[in-house]
Amino acid sequence: MPLNPIPKTLFQKLWDRHVVVPETAESPAVLFIDLHLIHEVTSPQAFTVMEERGLKVRRPDLTFGTLDHSTPTLPADETGALPYATADAARQVEQLIANCATHGITLFGMDDPRRGIVHVIGPELGLTQPGKTIVCGDSHTSTHGAFGALAFGIGTTEVGHVLATQCVLQRRPKSIRVTFDGALQKGVTAKDMALAMIAKIGADGGQGCAIEFAGEAIRTLSMEGRMTLCNMSIEAGARVGIIAPDETTLTFLRGREFAPKGNAFDAASEDWLSLKTDDGARFDQEVFIDASDIRPMITFGVSPDAAAPVDGTTPDMTAEAEAYMKFKPGRAFAEETVDKVFIGSCTNSRLSDLRAAADIFRGRRVKSGVTALIVPGSEAIRRAAEAEGLHEVFLAAGAQWRLPGCSMCIAMNGDKGDPGELVVSTSNRNFIGRQGAGVRTVLASPATAAAAAIAGHIIDPRPMLEGSS
Amino acid sequence: MPEPINVITSRTITLPQENIDTDQIIPARFLTTTTRSGLGAAAFHDWRYQENGEAISNTPFREEDRASHKILVAGANFGCGSSREHAPWALLDFEFKVVISTKIADIFKGNALKNGLLPVEIDPDTHRYLIENPGMELIVDLANLSVSSPNGGVNANFVVEPFSRRCLLDGVDPMGHLLNQDAKIAAYEARRVTYS
Ligand code: SF4
Chain A
1 MPLNPIPKTL FQKLWDRHVV VPETAESPAV LFIDLHLIHE VTSPQAFTVM EERGLKVRRP
61 DLTFGTLDHS TPTLPADETG ALPYATADAA RQVEQLIANC ATHGITLFGM DDPRRGIVHV
121 IGPELGLTQP GKTIVCGDSH TSTHGAFGAL AFGIGTTEVG HVLATQCVLQ RRPKSIRVTF
181 DGALQKGVTA KDMALAMIAK IGADGGQGCA IEFAGEAIRT LSMEGRMTLC NMSIEAGARV
241 GIIAPDETTL TFLRGREFAP KGNAFDAASE DWLSLKTDDG ARFDQEVFID ASDIRPMITF
301 GVSPDAAAPV DGTTPDMTAE AEAYMKFKPG RAFAEETVDK VFIGSCTNSR LSDLRAAADI
361 FRGRRVKSGV TALIVPGSEA IRRAAEAEGL HEVFLAAGAQ WRLPGCSMCI AMNGDKGDPG
421 ELVVSTSNRN FIGRQGAGVR TVLASPATAA AAAIAGHIID PRPMLEGSS
Chain B
1001 MPEPINVITS RTITLPQENI DTDQIIPARF LTTTTRSGLG AAAFHDWRYQ ENGEAISNTP
1061 FREEDRASHK ILVAGANFGC GSSREHAPWA LLDFEFKVVI STKIADIFKG NALKNGLLPV
1121 EIDPDTHRYL IENPGMELIV DLANLSVSSP NGGVNANFVV EPFSRRCLLD GVDPMGHLLN
1181 QDAKIAAYEA RRVTYS
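Protein chains in written order, with my numbering: chain A, 1 to 469; chain B, 1001 to 1196.
If you are wondering where the hints come from, they were derived from the structure by calculation, not from laboratory data.
Treat the hints with care, as some may be off.
Lysine-lysine pairs mimicking DSSO-like chemistry, simulated, CA-CA at most 30 Å apart [stated by the list, open to error]: (1) K8/A with K1097/B; (2) K1097/B with K13/A; (3) K186/A with K174/A; (4) K200/A with K328/A.
Output of the computed footprint for chain B on chain A, the stretches with three or more beta carbons under 8 Å from beta carbons of chain B [what the hints assert, rightly or not]: (5) 17 to 29; (6) 126 to 139; (7) 260 to 266; (8) 342 to 356; (9) 361 to 367; (10) 402 to 413; (11) 427 to 441.
So these bits of chain B aren't anywhere near chain A, every CB distance computed over 10 Å [stated by the list, open to error]: (12) N1006; (13) S1010; (14) R1066; (15) A1143.
Using N, Cα and C, we set each Cβ at its ideal position, and we do this for glycine too.
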């Protein structure tokens, strides 16, 4: 036995466990995939290829489908018909239902209480587990890395590869460790950590890399917060964001529908807790951020790295961003008037996010002229929020309470802003036109977004939090 | 399966902007399609058309250039954002064959290679020269991994992941390559540890 085994990073351990055929100079590694999540937008063409080539789905038992991107967030009409934005959107949903039926894949359909945004339901159902490889035709698959899983987004051609072989061809990416030392100030959230990190390293700062998040502020973060952070790692260009599993992870997973039960859970836990970076393991790059310095953040440009503390003024930005956003360098953010507020998406639509928003909305009214849309990430979250009466807080404040889905994050389902409107959004992308043609998007945490809905302009949420419990 | 690529000789269209994301390349509202064909109409849609559907004059994308300008030169971090393969499908249907930048986003790069759109990352000096000289003719040679101009003013090299390069040059099929690993996949499945 070697006395000193070579120290490995968490990423390396996860990778090594899933190598079916090792990487060579000529060929990428063949990696086995433990969980394949599919949704209606990026899967139809992959199923078409399967049919054209006469292939069967190799592991329908490791494949799960949900409907989220094109689905309405308003209820069915009297005839039971859902208000799809277009006939194409309805057809896309029909096609996933048919494809899952043909291939024996479990689908969380429109009437299933387990349905929701793909990156919300995976963890919620306990499908997402430490040590697994998880892929989905969706870049925000990095979310699942919060559990110490190796999770990354793939394209539709690769969706076909996984359907047919349960494997992907991958080159091992470079690694970065981002250490958040210190403790977060009151009123500062994982979303603010994510935006602060992206502002620091840039929208391509993690290009193609696997980022491991570490440090005191990560260990004290809830699973929801860890998911928000890993979700946003793609906005720094990274493929993967991961956090080593710990007691917080185990507590979250225990008792979930697809998590191991009883003794199997104990055996799994022992293994899962071993999934951490060894002392002395080397990363290609190390980044250190003092968590206690982070203030509530917002974006002001058209790329997520254009982010700054909400209580400040607009920094200099590209001419293109300035022309589109109409923010003036040097002007206080608090002077920017808000038209819509969107609280939802796989970044910030979980119960804790809704509670944070409700703490701001409670006893206050949405500013007249502002539309506030609150969209839970899943059916389970919707039910839990309603059981706590959060929906009553939102409705009493004059906000809208919708059915689960991606909604205004990607604006495919008819929920969108109008040209020129300023939308404060808890989603992950402020790209030009992302929330509708001509829409100006500002990314923020649920508290900051809710505070903007109340004030009618961008505002630091912390004073409003003082007054709440 | 994409057509094999070897040498592409064509003119450039230049977009100096950095961080051109996949929502620019194809806006999300066009993603409700269930096929991969015909997406050229949606390529850079909101750069080409006003909200009322009228064509915007003065865009870098001119109808008369389509057959002769198959090389897109764009600013750094091209293709960032979503994993939608619709982005390379739309560019290919718009008749682009090559995208050149100093940095091309990772998932987009992989998707492009799988569909026969060649992503080329070159040095900043050559890139600056290309951006300053829109419409110039370039020879992109995948076998030699070189970008050059007929008059010799440009001479740069690039790197392509070797397996993807082989797939594009020789028409190797990645799905076939994976299907051929069946026995190894089965052996892996047999030794795989699961907990539930
Ligand atoms: S909520 Fe937004 S980012 Fe998340 S999966 Fe849906 S569209 Fe993608």
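Hint check results:
no. : hint               : in the structure
1   : K8/A with K1097/B  : violated (41 Å)
2   : K1097/B with K13/A : violated (38 Å)
3   : K186/A with K174/A : violated (34 Å)
4   : K200/A with K328/A : holds (21 Å)
5   : 17 to 29           : holds (count 6)
6   : 126 to 139         : holds (count 4)
7   : 260 to 266         : holds (count 4)
8   : 342 to 356         : violated (count 0)
9   : 361 to 367         : violated (count 0)
10  : 402 to 413         : holds (count 3)
11  : 427 to 441         : holds (count 7)
12  : N1006              : holds (19 Å)
13  : S1010              : holds (25 Å)
14  : R1066              : holds (23 Å)
15  : A1143              : holds (16 Å)
The structure does not agree with the numbered hints 1, 2, 3, 8, 9 stated previously, though it agrees with the rest.
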